[in-house]
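A.B. asks: Given next are the chains, with one letter for each unit.
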Amino acid sequence: MREQVKRQRAKLIAGGMLSAAVIGWGVTGCSHDDHDRCVDTRDNTVIPDQYCKDTSTSTGYAHWYRGGSGFKLGQHVSGGEVGEHGVARGGFGGHGSSGGEGGGHGGGEGGHGG
Amino acid sequence: MRRIECRPRDGWQDAVESQGLVFPVTTKQDGSVVPYWYESAHYSLTMAEVDALEDTTAELHAMCLAAAEHIVARDRFAELGITDPAVVRAVRESWSGRPPSLYSRFDLRYDGDDGCTAKLLEYNADTPTMLLESAICQWYWLQDTRPELDQWNSLHERLVDAWQQMRVRLSHGPVHFVYAECDESGEDFMTSSYVAETAEQAGLSPVVLPVEKIGWHAASGWFVDLDQTRMRTVFKLYPWEWLVAEDFGPQALAAFDRTQWIEPIWKMLLSNKALLAILWELYPGHPNLLPAYLDGPRDLKDYVAKPLLGREGASIRIVTGGEHFEQPGDYGQEGYVYQEFSPLPAFPGGDGGGRAVLGSWLVAGEPAGLGIRESDGLVTDTYARFVPHVIDG
Chain B
2 MREQVKRQRA KLIAGGMLSA AVIGWGVTGC SHDDHDRCVD TRDNTVIPDQ YCKDTSTSTG
62 YAHWYRGGSG FKLGQHVSGG EVGEHGVARG GFGGHGSSGG EGGGHGGGEG GHGG
Chain D
86 MRRIECRPRD GWQDAVESQG LVFPVTTKQD GSVVPYWYES AHYSLTMAEV DALEDTTAEL
146 HAMCLAAAEH IVARDRFAEL GITDPAVVRA VRESWSGRPP SLYSRFDLRY DGDDGCTAKL
206 LEYNADTPTM LLESAICQWY WLQDTRPELD QWNSLHERLV DAWQQMRVRL SHGPVHFVYA
266 ECDESGEDFM TSSYVAETAE QAGLSPVVLP VEKIGWHAAS GWFVDLDQTR MRTVFKLYPW
326 EWLVAEDFGP QALAAFDRTQ WIEPIWKMLL SNKALLAILW ELYPGHPNLL PAYLDGPRDL
386 KDYVAKPLLG REGASIRIVT GGEHFEQPGD YGQEGYVYQE FSPLPAFPGG DGGGRAVLGS
446 WLVAGEPAGL GIRESDGLVT DTYARFVPHV IDG
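First to last, the sequence lines map onto chains B and D. Heads up: the first sequence runs through residues 2 to 115, numbered per my numbering. Heads up: the second sequence runs through residues 86 to 478, numbered per my numbering.
Calculated from the structure, these hints are not laboratory results. Check the hints yourself; a few may be wrong.
[To be verified] Covered stretches of chain D, going by a simulated chain B footprint (3 or more residues, C-beta under 8 Å): (1) 202 to 215; (2) 288 to 300; (3) 321 to 327; (4) 431 to 438.
These numbers were taken from a predicted model, which means no experiment stands behind them. For every residue, glycine included, the Cβ atom is placed at its ideal position computed from N, Cα and C.
Next up, chain D with everything else stripped away, as it sits in the complex (with noise of 0.2 Å):
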């Protein structure tokens, strides 16, 4: 994998944005402006290598399925600090009857070119964002600059095809699409809106509003939407552990076998960090994994104490050639896995380079595309950028 400089398009963002992406640049805290969509510089990998990344993409989630089954045939989700009774009987429900999953990502460490294999660093498959950029701006990119190469990107089609074969096992009515109305930045309405496009296009009939807005008939035991029409099927890009710790959890859990919901509940097996450790465990040594450790960082030199249910890399700690480095936040009180730290390769260049993130996208289940951001310091933090990719060899 090589990183490579390019000239931007002429107007790349009144094209990205006229494509749907509503942030293609980030206002830092202090009032300067960078980009989030960046294109003066792509990442170039050879067939061979996005071969064997989709080997991995597909064998790390055969093993995180284990991984769950391994959580509910042992009765391990005290682990996972999910300890109501209802939650843990909803998940085994679950898992057992394996509704329907859409989508998920994983986030791997990749550097090409020195022979080591992708390292799986966490996989979010409760809400995975970054998904529009993926789909259609970089194909957009790359149909406007390089239409003779190829990419690795079907998320799109695999979507759509996804929604057709999961009509048969979804109620009548119109699918509803939730999402965080306080997240102001656009990207959780964005992503939302894109997959029930995506829904759309399947012949569905989608109905996007927000998770503020869901009501609660008690009479009929039924959540409703503005309209007052029963939600059979949800989309939400909103996590469990928050829907089931508010106040219409208790409802959320009663009307399980309701409302379906997507992602299901069993993915809370799965986003939650303690995967990483409980990986580590079933499959030591293995050489897409990482060392990790849930009673703390053991024999660890080197690692990074990730909270179980953390986001955009707050709370995090990177402890490294005897120093730490902390991010601030409020997560952790639910607890950490410790991971070895493997610091994101450098890829250099005349714009300063980045540190490259390989988000690998699954789509019911099968490897379906490549998403990948960059960052300046050893964090893949909210002022990260995503940097398209070719296949070119």
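Extracted from the complex, chain B is given alone in its bound form (with noise of 0.2 Å):
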């Protein structure tokens, strides 16, 4: 029964979604929301990311901010896409590295190798 259970491969897709990974694969680094910063819906410039984060309603104005012209603190933003308030981003993902174990360039995590 047990040899039964190994053949068995009735179904093996390997397309749609895995396919697309692959296709959009590409190397997008650490960007930490590089693009992303908080805007004061007022007037539409760039504040500091604490506003953003702040789940008070006295901070309403304050919403994240994706795409566009704009980046730096009192710049004015356009063209881009007004997101969220009140949420933060970024708190995990501060080691930097791959986190799996033992495939191929990531892992390694094998034979003796820790």
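Hints given; two lone chains; assemble the complex.
C.D. replies: The structure is reproduced here in structure tokens:
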């Protein structure tokens, strides 16, 4: 019976999402939201991130902004998309490398490999 | 187990790339290119060997679960370097509730022909990779080259089945799959995407995003994705010891009853190499274990010092024949386990042969397949290559 189980591969589909993933793969690096900045939606200028992370209603004007132009504090933004308020991002990922155990390039945890 | 040289398929690189393997070759630091997917050879096992390895895998997993129970019951977290009370509490609660686990992989030393049993080198229980090449690429290689033979490989079906079984224990809504964007090789993205595909085939709705993009919505106390959808179930290819130590670690622990993480946090007990010493303590002389200690090499003349949380072979030290070999790296502050050195068996070949390590997979706690990597040296490092296998005889 165990042999039978090993042979059962009736449906094996490596398309769809995985293909899209491969096609779409590129080295994005550790951008950490380089293009997301906090914006005062009353005058569309870049303000410190802390206002967008603040969950109080007093800073409801502060929203994340993605795309377009204008990146530095005080600069006017345009051409992008207004996002959320009250959400902090970037709190994970600080280790800056692969989290995998034991494949080819990223892992390699095997043998007496650590 | 034998190593057999063979002719690679015409267009093998395109073939494995079309199946999703984003790094069929490895570029070394000196600019030279070596294959990661290597089909100029394959390993051939008998069914009797596979049955024995399957039994060994199941037994080792049962022993590891018993060791986890022992660690929790005897409060031995500190020996694993787990000292944060909040983490200890979360692991305890997780172990008690035993939320679903999807997969894991043992690394075994095995040389087949000399009658020796497989020896456990380590347990990759939290974020194992090498999955796509094991589940998909080597299966298609078998179909293309030796369709009359078999392979120890039910990984894909078992992953889909595991998701289906798991569905009743998951919250409604999408399942999020997160990976480290900083992994420039694409391995983490590839693995997460493949696991997401198995979930999709099980009828779930996957959303793949970098771990760096996870948002914390403090007002509601939920992690949210880029569309601000609450992240109720998260498959993470990102180690627990990193998650809990980063800025969102306290939130992850505070929201522990809301977000279901896969692998669950109790896997910290198994992915920590202190497990090797605790196993040896609980099962001294077991034929599938190597002597291992936490307080030093004791009477071991030849040993490997492995950082408890090391990866990629970094920071390990091999002491054999009075000589020391050390891999560079930044691990080790968390402590070491000292395991008897048992060199990987060398399989000769006209192409230079290789030293093989067996990756024995489990899905939902059941043996599920095999992936073999081989290296030129004693350490299976980032330049190791994946070599497919067959069952023949």
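A.B. asks: Would you mind marking each hint as holding or not holding in the structure?
C.D. replies: We went through each hint and held it up to the structure:
1. Coverage of the segment 202 to 215 of chain D by chain B holds. Counting CB-CB distances below 8 Å, 8 residues qualify, and the rule asks for three or more.
2. Against chain B, the segment 288 to 300 of chain D contributes 8 residues with a C-beta closer than 8 Å to a partner C-beta. That satisfies the three-residue criterion, and the hint holds.
3. With a threshold of 8 Å between beta carbons, the proposed coverage of the segment 321 to 327 of chain D by chain B holds, since 5 of its residues qualify and at least three are required.
4. Check result for the segment 431 to 438 of chain D against chain B: violated, 0 residues qualifying (beta carbon to beta carbon below 8 Å, three or more required).
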